[in-house]
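So the protein lines, in turn, are chains A and B. If you count the first sequence from 1, position 26 lands on 26 in the numbering used here, and the numbers rise without skipping. If you count the second sequence from 1, position 417 lands on 417 in the numbering used here, and the numbers rise without skipping.
Worth flagging that the hints you see were computed from the coordinates, not collected in a lab. Each residue gets a CB set at the ideal place from its N, CA and C atoms; glycine is no exception. There may be inaccurate statements among the hints.
[Said to hold, decoys possible] Straight-line alpha carbon distances no greater than 30 Å define the calculated DSS-like cross-link-like pairs of lysine-lysine that follow:
hint, chain 1, residue 1, chain 2, residue 2
1, A, Lys9, A, Lys34
2, B, Lys457, A, Lys9
3, B, Lys88, A, Lys60
4, B, Lys264, A, Lys34
5, A, Lys40, B, Lys264
6, A, Lys85, B, Lys329
7, A, Lys79, A, Lys40
8, A, Lys40, A, Lys98
9, B, Lys88, A, Lys34
10, B, Lys258, B, Lys56
11, B, Lys457, A, Lys34
[Said to hold, decoys possible] Simulated restraints on C-beta separations:
hint, chain 1, residue 1, chain 2, residue 2, range
12, B, Arg473, A, Lys40, 23 to 33 Å
13, B, Lys329, A, Glu18, 49 to 59 Å
14, A, Phe36, B, Ala326, 41 to 51 Å
15, B, Lys329, A, Gln39, 16 to 26 Å
16, B, Glu469, A, Ile23, 50 to 60 Å
The primary structure of each chain is shown beneath.
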Amino acid sequence: MKLVTAIIKPFKLDEVREALSAIGVQGITVTEVKGFGRQKGHTELYRGAEYVVDFLPKVKIEAAVKTEMLDQVLEAIEKAANTGKIGDGKIFVFELEKVVRIRTGETDAAAL
Amino acid sequence: MKKLISILSMLALFVVFAGGAGAQDKAPEKAAAEAKAEPAKAEEKKTEAPKPKVDKGDTTWMMVATALVILMTIPGLALFYGGMVRAKNTLSVLMQVFVTFCVIAVLWVIYGYSMAFSGGNAFFGGFSKLFLSGVTGESLAATFSKGVAIPELAFVAFQLTFAAITCGLIVGAFAERAKFSAVLVFAVLWFTFSYLPIAHMVWYWDGPDAITDAKSLETVTAAAGWLWQKGALDFAGGTVVHINAGVAGLVGAWVIGKRIGYGKEAMPPHNLPLTMMGACMLWVGWFGFNAGSNLEATGTATIAFLNTIVATAAAVLAWLLAETVARGKASALGAASGAVAGLVAITPACGFVGVGGGLVIGLVAGVAGFWGVTALKRMLGADDSLDVFGVHGVCGIVGALFTGVFAAPSLGGSGIFDYVANGVSPEYSIGGQVMTQAIAVGTTIIWSAVVALIAFKIVDLSIGLRVTEEEEREGLDVASHGEAAYRM
Chain A
1 MKLVTAIIKP FKLDEVREAL SAIGVQGITV TEVKGFGRQK GHTELYRGAE
51 YVVDFLPKVK IEAAVKTEML DQVLEAIEKA ANTGKIGDGK IFVFELEKVV
101 RIRTGETDAA AL
Chain B
1 MKKLISILSM LALFVVFAGG AGAQDKAPEK AAAEAKAEPA KAEEKKTEAP
51 KPKVDKGDTT WMMVATALVI LMTIPGLALF YGGMVRAKNT LSVLMQVFVT
101 FCVIAVLWVI YGYSMAFSGG NAFFGGFSKL FLSGVTGESL AATFSKGVAI
151 PELAFVAFQL TFAAITCGLI VGAFAERAKF SAVLVFAVLW FTFSYLPIAH
201 MVWYWDGPDA ITDAKSLETV TAAAGWLWQK GALDFAGGTV VHINAGVAGL
251 VGAWVIGKRI GYGKEAMPPH NLPLTMMGAC MLWVGWFGFN AGSNLEATGT
301 ATIAFLNTIV ATAAAVLAWL LAETVARGKA SALGAASGAV AGLVAITPAC
351 GFVGVGGGLV IGLVAGVAGF WGVTALKRML GADDSLDVFG VHGVCGIVGA
401 LFTGVFAAPS LGGSGIFDYV ANGVSPEYSI GGQVMTQAIA VGTTIIWSAV
451 VALIAFKIVD LSIGLRVTEE EEREGLDVAS HGEAAYRM
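Please work from the sequences and hints to get the whole structure.
Set out below in structure tokens:
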């Protein structure tokens with residue numbers, strides 16, 4: 001099993017969610033985050049004061065998937081979240097040791 | 001600190017000297033007005049002065065106007081300021097404005113009204129109306145028309161709101177770091193020794209009813225406040241309210257010191273919609289402030305009313321234009337600030353200048369305010385958190401001086417009313433009036449700065465002006481009031 005974490009542009013969330021549902025991903029967790037990458041921040045001006053905002057708002061998606069689905073999942077996210085411009089985000093894949101469904105106590109593949 | 005003192009004193013000295021030079025121009029003008037009075041004296045009738053008339057419309061308008069000025073302060077000013085601070089200090093600013101209002105309201109009826117609006121000397125009123133002694137629902141206050149009065153209690157209430165908002169304005173200069181108790185004690189001291197005398201100097205007179213000839217004009221003038229005697233024009237409080245508060249704020253920002261992290265950490269406004277709402281409420285409430293200062297629902301009130309719309313709109317556009325040229329973008333904070341800049345500048349002028357004059361004053365104020373919060377702020381080097389001096393001080397001075405220009409009948413203004421001839425005096429010297437205005441501005445700057453400096457020092461040495469560093473980092477909402485504006 002793999003844990004896929006993707007940082008994407010906030011307005012791409014719906015498209016990514018739909019693409020993942022379409023290939024059979026059963027659930028994802030979404031967090032609003034801020035960060036910086038190659039995309040530049042912006043400057044805000046308040047009367048005489050100028051502030052550089054480096055951290056831009058992004059959305060972090062986490063999905064636990066079966067190993068055999070990984071390629072499909074990566075492709076779906078990559079396709080849905082792509083705008084072709086700097087700041088589209090990144091996908092990180094982690095090895096997943098164990099999964100437990102709290103309600104039933106099912107584990108691993110059965111719990112996904 | 002030295003830089004600040006030198007800039008302030010230079011500014012004050014400049015206007016006073018300029019004013020002193022101009023006072024000579026003014027003297028012949030006065031003499032001319034008095035000379036003109038001679039023929040009027042001849043046709044003086046022996047009839048007894050009739051009892052002044054109280055009009056229901058005027059009384060109603062004054063109560064509505066008073067409520068509007070309260071709307072300016074709470075919530076208008078409180079929200080305007082509240083949105084500009086960081087989230088952790090929101091309630092502290094709301095509380096400082098709100099509670100200052102309450103303190104001044106109480107002091108006003110105890111001794112404030114008496115010290116500002118009863119006879120004393122040219123600088124301080126007397127104590128004959130302590131606890132509003134002798135003022136009842138039947139008492140009358142003079143207006144600017146002969147034979148017309150309003151209930152004195154309406155005047156008491158109206159002027160109360162002016163005193164309260166002036167003290168509330170100062171709070172913005174040292175927001176985010178002042179001790180709650182220190183703010184209140186300072187407000188009491190400064191109100192007593194700066195607001196009351198300046199209000200007395202600028203606005204106190206016996207009213208027009210006693211003026212029938214040159215001699216009675218002299219008597220009434222001699223009993224009036226010092227700046228009134230000089231002929232300074234301040235329709236709704238450019239000197240008394242805005243310059244007065246702006247200077248006190250600047251001195252406060254300097255005495256209390258900069259916020260921790262000022263210039264290093266980001267301190268952006270936490271909620272500009274609040275600020276925008278506050279500015280809009282200020283604008284609406286300002287109709288009471290400006291048009292209400294006419295004390296009667298007459299044509300002059302409508303001039304003040306229209307000027308309050310037009311000058312403000314012009315100032316917003318001018319501020320945004322300046323901002324766009326300098327920075328490339330027109331901001332919401334700029335629009336809100338521009339509105340306040342325009343309102344401040346038109347305040348002393350609103351009933352004296354025509355709409356054209358109001359328009360020009362608005363345009364100048366928009367640019368001057370933008371300069372006040374950017375270039376001038378950097379020059380002064382004080383952390384005037386919410387730009388009380390940059391907006392209220394600077395635009396107050398612009399408004400006070402330009403009142404002298406555009407009050408001229410030749411420029412569409414009302415001129416100066418001659419109560420002896422019962423008509424507008426045909427003589428008007430723009431240079432002379434501007435100099436008189438400059439004396440009023442200089443007097444206010446010096447008086448307010450000295451009183452504020454002493455008052456801040458007294459508070460600092462007795463209870464301390466500032467919260468501890470830890471409390472400042474935590475935020476004044478929790479540290480001073482034990483609550484938070486926002487729950488996450």
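Taking the hints in turn, this is what the structure says about them:
| no. | hint | verdict |
| --- | --- | --- |
| 1 | A:Lys9 x A:Lys34 | holds, 11 Å |
| 2 | B:Lys457 x A:Lys9 | violated, 53 Å |
| 3 | B:Lys88 x A:Lys60 | holds, 27 Å |
| 4 | B:Lys264 x A:Lys34 | holds, 21 Å |
| 5 | A:Lys40 x B:Lys264 | holds, 21 Å |
| 6 | A:Lys85 x B:Lys329 | holds, 24 Å |
| 7 | A:Lys79 x A:Lys40 | holds, 23 Å |
| 8 | A:Lys40 x A:Lys98 | violated, 38 Å |
| 9 | B:Lys88 x A:Lys34 | holds, 21 Å |
| 10 | B:Lys258 x B:Lys56 | violated, 51 Å |
| 11 | B:Lys457 x A:Lys34 | violated, 44 Å |
| 12 | B:Arg473 x A:Lys40: 23 to 33 Å | holds, 30 Å |
| 13 | B:Lys329 x A:Glu18: 49 to 59 Å | violated, 36 Å |
| 14 | A:Phe36 x B:Ala326: 41 to 51 Å | violated, 28 Å |
| 15 | B:Lys329 x A:Gln39: 16 to 26 Å | holds, 20 Å |
| 16 | B:Glu469 x A:Ile23: 50 to 60 Å | holds, 55 Å |
In the structure shown, a violation is registered for the earlier hints numbered 2, 8, 10, 11, 13, 14, in ascending order.
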